[in-house]
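J.: Sequence:
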Amino acid sequence: MPNKEKIIRSFFIQTQKCLILIGMPGSGKTTLGKAIASKLSWAHVDTDFIFQAWWGTDLETILKTIGLDGFLKAEEEIILSLKLNRCIISTGGSVVYSKKGMHYLQKLGYIIYLHANLKTLQDRIAKNPERGMIIKPNQNLEDLFNERSPLYERYAHFTISTEAPLNQNIKEIITWLSQQKNEKF
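All residue numbers for the sequence shown refer to the working numbering, where the first residue is 4 and numbers rise by one.
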(Lines of atoms letter the chains of each structure in order from A and count residues from 1; the text may use other names and numbers.)
(Lines give C-alpha, C1' and ligand atoms only; values in the text may rest on other atoms or scores of the structure.)
Protein backbone atom coordinates (compact mmCIF):
# COMPACT_ATOMS: atom_id res chain seq x y z
CA MET A 1 0.00 0.00 0.00
CA PRO A 2 1.41 3.44 -0.87
CA ASN A 3 2.54 5.59 2.04
CA LYS A 4 -0.20 8.21 1.45
CA GLU A 5 -2.90 5.58 1.92
CA LYS A 6 -1.29 4.45 5.21
CA ILE A 7 -1.28 8.07 6.38
CA ILE A 8 -4.93 8.48 5.43
CA ARG A 9 -5.97 5.28 7.18
CA SER A 10 -4.03 6.22 10.29
CA PHE A 11 -5.49 9.73 10.33
CA PHE A 12 -9.08 8.61 9.94
CA ILE A 13 -8.74 5.80 12.49
CA GLN A 14 -7.57 8.40 14.99
CA THR A 15 -10.22 11.01 14.16
CA GLN A 16 -13.19 8.69 13.45
CA LYS A 17 -14.23 10.87 10.49
CA CYS A 18 -16.19 9.76 7.43
CA LEU A 19 -15.85 10.81 3.82
CA ILE A 20 -19.16 12.01 2.37
CA LEU A 21 -19.78 12.20 -1.39
CA ILE A 22 -22.37 14.61 -2.77
CA GLY A 23 -23.34 15.49 -6.33
CA MET A 24 -25.90 15.20 -9.08
CA PRO A 25 -27.44 11.91 -10.18
CA GLY A 26 -24.89 10.30 -12.48
CA SER A 27 -21.90 12.11 -10.95
CA GLY A 28 -20.40 8.85 -9.70
CA LYS A 29 -21.15 8.92 -5.98
CA THR A 30 -21.88 5.21 -5.64
CA THR A 31 -19.19 4.05 -8.08
CA LEU A 32 -16.46 6.24 -6.57
CA GLY A 33 -17.68 5.56 -3.03
CA LYS A 34 -17.32 1.81 -3.48
CA ALA A 35 -13.89 2.21 -5.10
CA ILE A 36 -12.49 4.48 -2.36
CA ALA A 37 -13.93 2.24 0.35
CA SER A 38 -12.23 -0.75 -1.23
CA LYS A 39 -8.93 1.11 -1.55
CA LEU A 40 -8.97 2.19 2.11
CA SER A 41 -10.61 -1.03 3.43
CA TRP A 42 -13.54 0.95 4.84
CA ALA A 43 -17.27 0.32 4.72
CA HIS A 44 -19.36 2.00 2.03
CA VAL A 45 -22.84 3.28 2.89
CA ASP A 46 -25.25 4.54 0.23
CA THR A 47 -28.09 6.57 1.73
CA ASP A 48 -30.32 5.85 -1.28
CA PHE A 49 -30.06 2.14 -0.46
CA ILE A 50 -30.85 2.82 3.21
CA PHE A 51 -33.86 4.88 2.10
CA GLN A 52 -35.12 2.09 -0.16
CA ALA A 53 -34.57 -0.56 2.54
CA TRP A 54 -36.38 1.58 5.12
CA TRP A 55 -39.42 1.98 2.87
CA GLY A 56 -39.18 -1.40 1.15
CA THR A 57 -39.46 0.00 -2.36
CA ASP A 58 -37.64 2.10 -4.97
CA LEU A 59 -37.13 5.88 -4.74
CA GLU A 60 -39.67 6.74 -7.45
CA THR A 61 -42.43 4.82 -5.66
CA ILE A 62 -41.53 6.53 -2.39
CA LEU A 63 -41.69 9.92 -4.11
CA LYS A 64 -45.09 9.13 -5.66
CA THR A 65 -46.39 7.91 -2.30
CA ILE A 66 -45.28 10.74 0.00
CA GLY A 67 -44.62 13.59 -2.42
CA LEU A 68 -41.53 15.75 -2.78
CA ASP A 69 -41.80 17.49 0.60
CA GLY A 70 -42.37 14.18 2.38
CA PHE A 71 -39.48 12.62 0.50
CA LEU A 72 -37.07 15.41 1.45
CA LYS A 73 -38.18 15.23 5.10
CA ALA A 74 -37.71 11.44 5.17
CA GLU A 75 -34.29 11.81 3.54
CA GLU A 76 -33.31 14.34 6.20
CA GLU A 77 -34.41 11.92 8.95
CA ILE A 78 -32.23 9.20 7.44
CA ILE A 79 -29.21 11.52 7.29
CA LEU A 80 -29.72 12.66 10.89
CA SER A 81 -29.97 9.03 12.04
CA LEU A 82 -26.51 8.12 10.70
CA LYS A 83 -24.11 7.24 13.50
CA LEU A 84 -21.05 6.23 11.52
CA ASN A 85 -17.28 6.35 11.82
CA ARG A 86 -14.54 5.74 9.26
CA CYS A 87 -16.72 4.98 6.27
CA ILE A 88 -17.50 6.35 2.84
CA ILE A 89 -21.04 7.74 2.57
CA SER A 90 -22.62 8.20 -0.86
CA THR A 91 -25.64 10.46 -0.52
CA GLY A 92 -28.74 10.97 -2.60
CA GLY A 93 -28.46 13.98 -4.90
CA SER A 94 -31.29 15.82 -3.14
CA VAL A 95 -29.57 15.74 0.27
CA VAL A 96 -28.39 19.34 -0.26
CA TYR A 97 -31.93 20.68 0.18
CA SER A 98 -31.67 20.05 3.94
CA LYS A 99 -29.52 22.61 5.74
CA LYS A 100 -29.87 20.62 8.94
CA GLY A 101 -28.83 17.41 7.19
CA MET A 102 -25.85 19.02 5.48
CA HIS A 103 -24.60 20.61 8.70
CA TYR A 104 -24.84 17.19 10.34
CA LEU A 105 -22.85 15.60 7.50
CA GLN A 106 -20.20 18.32 7.82
CA LYS A 107 -19.76 17.24 11.44
CA LEU A 108 -19.46 13.57 10.42
CA GLY A 109 -16.51 14.22 8.13
CA TYR A 110 -15.22 15.70 4.91
CA ILE A 111 -17.76 16.44 2.19
CA ILE A 112 -16.53 16.02 -1.37
CA TYR A 113 -18.59 17.37 -4.26
CA LEU A 114 -18.36 15.17 -7.33
CA HIS A 115 -18.88 17.54 -10.23
CA ALA A 116 -19.63 16.50 -13.79
CA ASN A 117 -20.77 18.74 -16.62
CA LEU A 118 -24.38 18.62 -17.77
CA LYS A 119 -23.68 16.69 -20.99
CA THR A 120 -21.78 13.99 -19.10
CA LEU A 121 -24.63 13.66 -16.60
CA GLN A 122 -27.18 13.39 -19.41
CA ASP A 123 -25.13 10.66 -21.09
CA ARG A 124 -24.64 8.69 -17.88
CA ILE A 125 -28.30 8.92 -16.89
CA ALA A 126 -29.40 7.85 -20.39
CA LYS A 127 -27.30 4.68 -19.99
CA ASN A 128 -29.19 3.80 -16.79
CA PRO A 129 -32.85 4.79 -17.26
CA GLU A 130 -33.92 2.84 -14.14
CA ARG A 131 -32.01 5.17 -11.85
CA GLY A 132 -34.18 7.27 -9.55
CA MET A 133 -34.02 11.03 -9.74
CA ILE A 134 -35.83 13.39 -7.42
CA ILE A 135 -37.09 16.20 -9.59
CA LYS A 136 -39.94 18.69 -9.34
CA PRO A 137 -42.80 18.55 -11.84
CA ASN A 138 -41.99 20.55 -14.99
CA GLN A 139 -38.28 20.57 -14.12
CA ASN A 140 -35.58 19.07 -16.35
CA LEU A 141 -32.03 17.92 -15.63
CA GLU A 142 -30.56 21.28 -16.65
CA ASP A 143 -32.87 23.12 -14.22
CA LEU A 144 -31.92 20.68 -11.48
CA PHE A 145 -28.21 21.08 -12.27
CA ASN A 146 -28.46 24.88 -12.11
CA GLU A 147 -30.45 24.75 -8.88
CA ARG A 148 -28.26 22.27 -7.02
CA SER A 149 -24.74 23.20 -8.16
CA PRO A 150 -24.43 26.25 -5.87
CA LEU A 151 -25.70 24.16 -2.94
CA TYR A 152 -23.15 21.42 -3.55
CA GLU A 153 -20.41 24.06 -3.75
CA ARG A 154 -21.59 25.73 -0.54
CA TYR A 155 -21.34 22.59 1.60
CA ALA A 156 -18.28 20.90 0.08
CA HIS A 157 -14.87 20.86 1.71
CA PHE A 158 -13.42 19.81 -1.64
CA THR A 159 -14.63 19.49 -5.25
CA ILE A 160 -13.39 17.14 -7.96
CA SER A 161 -14.41 16.66 -11.56
CA THR A 162 -15.61 13.15 -12.28
CA GLU A 163 -14.92 13.69 -15.98
CA ALA A 164 -11.53 12.08 -15.25
CA PRO A 165 -11.02 8.30 -15.03
CA LEU A 166 -12.00 6.59 -11.77
CA ASN A 167 -8.40 5.82 -10.72
CA GLN A 168 -7.45 9.46 -11.20
CA ASN A 169 -10.41 10.56 -9.04
CA ILE A 170 -9.35 8.15 -6.29
CA LYS A 171 -5.77 9.42 -6.42
CA GLU A 172 -6.94 13.05 -6.32
CA ILE A 173 -9.13 12.42 -3.26
CA ILE A 174 -6.42 10.50 -1.40
CA THR A 175 -3.88 13.23 -2.18
CA TRP A 176 -6.27 15.90 -0.91
CA LEU A 177 -7.04 13.89 2.24
CA SER A 178 -3.34 13.44 2.97
CA GLN A 179 -3.02 17.23 3.00
CA GLN A 180 -5.87 17.56 5.53
CA LYS A 181 -4.41 15.28 8.20
CA ASN A 182 -3.42 18.14 10.51
CA GLU A 183 -6.52 20.26 10.02
CA LYS A 184 -9.53 20.45 12.31
CA PHE A 185 -13.03 21.26 11.10
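Derived from the structure by calculation, the hints contain no laboratory data.
From the three backbone atoms N, C-alpha and C, an ideal C-beta is built for every residue, glycine too.
Incorrect hints may have been included.
[What the hints assert, rightly or not] Here are the simulated DSS-like cross-link-like pairs (lysine-lysine), alpha carbons at most 25 Å apart as the crow flies:
| # | residue 1 | residue 2 |
| --- | --- | --- |
| 1 | K122 | K110 |
| 2 | K67 | K86 |
| 3 | K37 | K139 |
| 4 | K76 | K174 |
| 5 | K103 | K86 |
| 6 | K110 | K76 |
[Unchecked claim] FRET-style restraints, in silico, Cβ to Cβ:
| # | residue 1 | residue 2 | range |
| --- | --- | --- | --- |
| 7 | N131 | Q182 | 21 to 27 Å |
| 8 | S164 | Y107 | 22 to 28 Å |
| 9 | R134 | A167 | 38 to 44 Å |
| 10 | Q142 | S164 | 33 to 39 Å |
| 11 | K103 | G70 | 31 to 37 Å |
| 12 | S164 | I69 | 20 to 26 Å |
| 13 | Q171 | E133 | 34 to 40 Å |
| 14 | W58 | K110 | 37 to 43 Å |
| 15 | F52 | E150 | 31 to 37 Å |
J.: Please go over all the hints and tell whether each is borne out by the structure.
T.: Quick rundown of the hints versus the structure:
{"no.": "1", "hint": "K122 / K110", "verdict": "33 Å, violated"}
{"no.": "2", "hint": "K67 / K86", "verdict": "28 Å, violated"}
{"no.": "3", "hint": "K37 / K139", "verdict": "29 Å, violated"}
{"no.": "4", "hint": "K76 / K174", "verdict": "35 Å, violated"}
{"no.": "5", "hint": "K103 / K86", "verdict": "15 Å, holds"}
{"no.": "6", "hint": "K110 / K76", "verdict": "20 Å, holds"}
{"no.": "7", "hint": "N131 / Q182: 21 to 27 Å", "verdict": "34 Å, violated"}
{"no.": "8", "hint": "S164 / Y107: 22 to 28 Å", "verdict": "26 Å, holds"}
{"no.": "9", "hint": "R134 / A167: 38 to 44 Å", "verdict": "21 Å, violated"}
{"no.": "10", "hint": "Q142 / S164: 33 to 39 Å", "verdict": "24 Å, violated"}
{"no.": "11", "hint": "K103 / G70: 31 to 37 Å", "verdict": "19 Å, violated"}
{"no.": "12", "hint": "S164 / I69: 20 to 26 Å", "verdict": "34 Å, violated"}
{"no.": "13", "hint": "Q171 / E133: 34 to 40 Å", "verdict": "28 Å, violated"}
{"no.": "14", "hint": "W58 / K110: 37 to 43 Å", "verdict": "26 Å, violated"}
{"no.": "15", "hint": "F52 / E150: 31 to 37 Å", "verdict": "24 Å, violated"}
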